[in-house]
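Engineer: Read off the chains here:
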Amino acid sequence: MAQKVLDALTATHGHAVERTESTYGDEIAWIKRDQLVAVAQWLRDDPAMAFDSPVFVTCIDRLDWQPIGVPPSEGWNESKPRFEVVYQLRSSVHRTRIRLKIAVTEQDPRVPSLAEIWPAFNWQERETFDMYGVRFDGHPDLRRIYMYEEFVGYPLRKDYPKEKRQPLVRRDDLPINPIKRENP
Amino acid sequence: MATEATLKQLVLGRKDVQDLSDTEQELPPDLMTVNMGPSHPAMHGTVRIVLTVDGERIVKSDVQPGYLHRCFEKESEHATYTQVFPYTDRLNYVSPMINNVGWAMAIEKLMQIKPTPRCEYVRVIVSEMSRLTDHLTCVGASAMELGAFTAFLYFLKCREWLYELLEKVSGARLTHSYLRIGGVAKDLPDDFDADLTKCLDQIVPVIAEVEVMLNNNKIFRDRMAGVGAMTKAEALATGCVGPIARACGVDYDVRRDHPYSIYPEVEFDVPLGTHGDCYDRYLVRVEEMKQSIRILRQCLKQIPPGPVMVDDPRVSLPPKRDTYNTIESMIRHFKHIMDGIRVPPGEVYVFVEGGNGELGFYVVADGTGRPYKAYCRSPSFVHLSTASQLIHGHLIADIVPIFGMINMIGGECDK
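These protein sequences, in sequence, are chains V and S.
Converting from the first sequence to our numbering requires adding 9 to each position, the first position being numbered 1.
Converting from the second sequence to our numbering requires adding 2 to each position, the first position being numbered 1.
If you're looking for bench data, these hints aren't it; they were derived computationally from the structure.
C-beta: ideal position from N, C-alpha, C; glycine also.
Hints are not guaranteed to be accurate.
What the simulated footprint calls covered on chain V by chain S, stretch by stretch (three residues with Cβ under 8 angstroms from a Cβ of chain S suffice, anywhere in the stretch; the number is not a length) [what the hints assert, rightly or not]:
#: 1; segment: 14-21
#: 2; segment: 40-50
#: 3; segment: 58-70
#: 4; segment: 74-86
#: 5; segment: 90-102
Pulled out of the complex, with its shape left as it was, chain V reads as follows (with noise of 0.2 angstroms):
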């Protein structure tokens, strides 16, 4: 059903459609980087497609990515993107659903941000950015939202080792409370 969506998305933003596919009754759209915003915009103000629910924003850390059953080429290695960038979507009108993805390096891990497309994003992108370390151009609020200031490093990366302790050291320095650093 969702085929539709994939078929009308190809057709008019071609350019912007590196690759579709579909897994278990979901469609995925690989957007280039450069063109998420404005394909995000098309599908959300097109009558036909009216995807006005969000439904989440996560991202996949490639870096383990070795399944078993397929040819070690099918894994990660270091010329791939490192990072995917998911984002669903939702109509309610249609009641079909999308999956975007975006390929991100470790080297410039930057996504456009979509929070003022869906606000719903908002803190969705800052936990991915908490998480994971992938940065939204264009957020209105880029902190941490999960982890405090002080934290160190992004705790679902997979080369953060799951047993690491940090102690939490408090530092003035860092801008924690927004609201404290616009009233002094």
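With chain V's structure known, arrange chain S on it following the hints.
Structural biologist: Chain S only, in chain V's frame:
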């Protein structure tokens, strides 16, 4: 006169209003920053709000979650698929069964397993009981925070009956871990049918009684109606789901619109609100409880006999008798426990209607016994992100009903 003022000051512990000079009488005009939380009696869970207030009115707020962050996703990546169940219990700890169902369904979809018909019914029964406990807690606690302590006690009494039954089913009162991939841990107890019917018959009059107490109660309505209102468009754009979105008129219920399990076979209505304020959220929740009771009664009538676990060697443990007596079964048992269930590579997003709305699990599998990535789309987190906008312009006292009706569950929000 001077002596009288001094005497008054001694008695009152402060100057009387008439004795204040003109400059002393004026309140400071500048904005004030107030910290609410992270541990505050009127907050559900631990969340900190930094408020900038103009007198009693909120002009700016910064909601800061994360005090209950327990690394659900990181821990899941290092646990076998079955070991994640106890972690999901602790996401939304007032309706743990629904979280269990969501996780089990995600893995089953990756492995293309279809649970047995009886198992599907058992899952729906425990889910709806969990939805009842969730709404009972939410409505009861919110009413208590507004002063209606009786409603709280009545609803907690109901919740306790349900917890007792769930304890009978699973062995644990709060964190059940009752589900398994491919089924449930054990069948329902023998007298469950009669117990649940009796329990529901007891709950129905209590809900009616509390409705009489609250629905037209002047204090309750004054505190709830028109407070924290949200439009339908705002609810959609901010990603709200579940009772909060339905109170705004968003006609969306996962159980009906993306039906899973045996929900197509039972009849239920999806209540909708019109104003999107706290009072509508309360009404929607109460109505949903009645619908849950309706679903439960239908399930009890329809539930077929049969096994509750699929007979699939990939997910089910061999019978204990064989485990102790044959080497093949023992190896299978050992591999199953130590290596975990082997899930073929792939990714899937499965969502169910949780107590607070669309609860989703986005799982990436790499063929080993442990998830490569396990993301939980927690409705509480999304709803809490709207809190700043909802309390804007309201009084400090209005934070209490707004937060109560957002029903932020710390465990689910902070993961």
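Engineer: Against each hint, give a clear statement of whether it holds in the structure.
Structural biologist: Outcome of the hint check:
| no. | hint | result |
| --- | --- | --- |
| 1 | 14-21 | violated (count 0) |
| 2 | 40-50 | violated (count 0) |
| 3 | 58-70 | holds (count 8) |
| 4 | 74-86 | holds (count 6) |
| 5 | 90-102 | holds (count 3) |
Checked against the numbered hints above, the structure violates hints 1 and 2; every other hint is satisfied.
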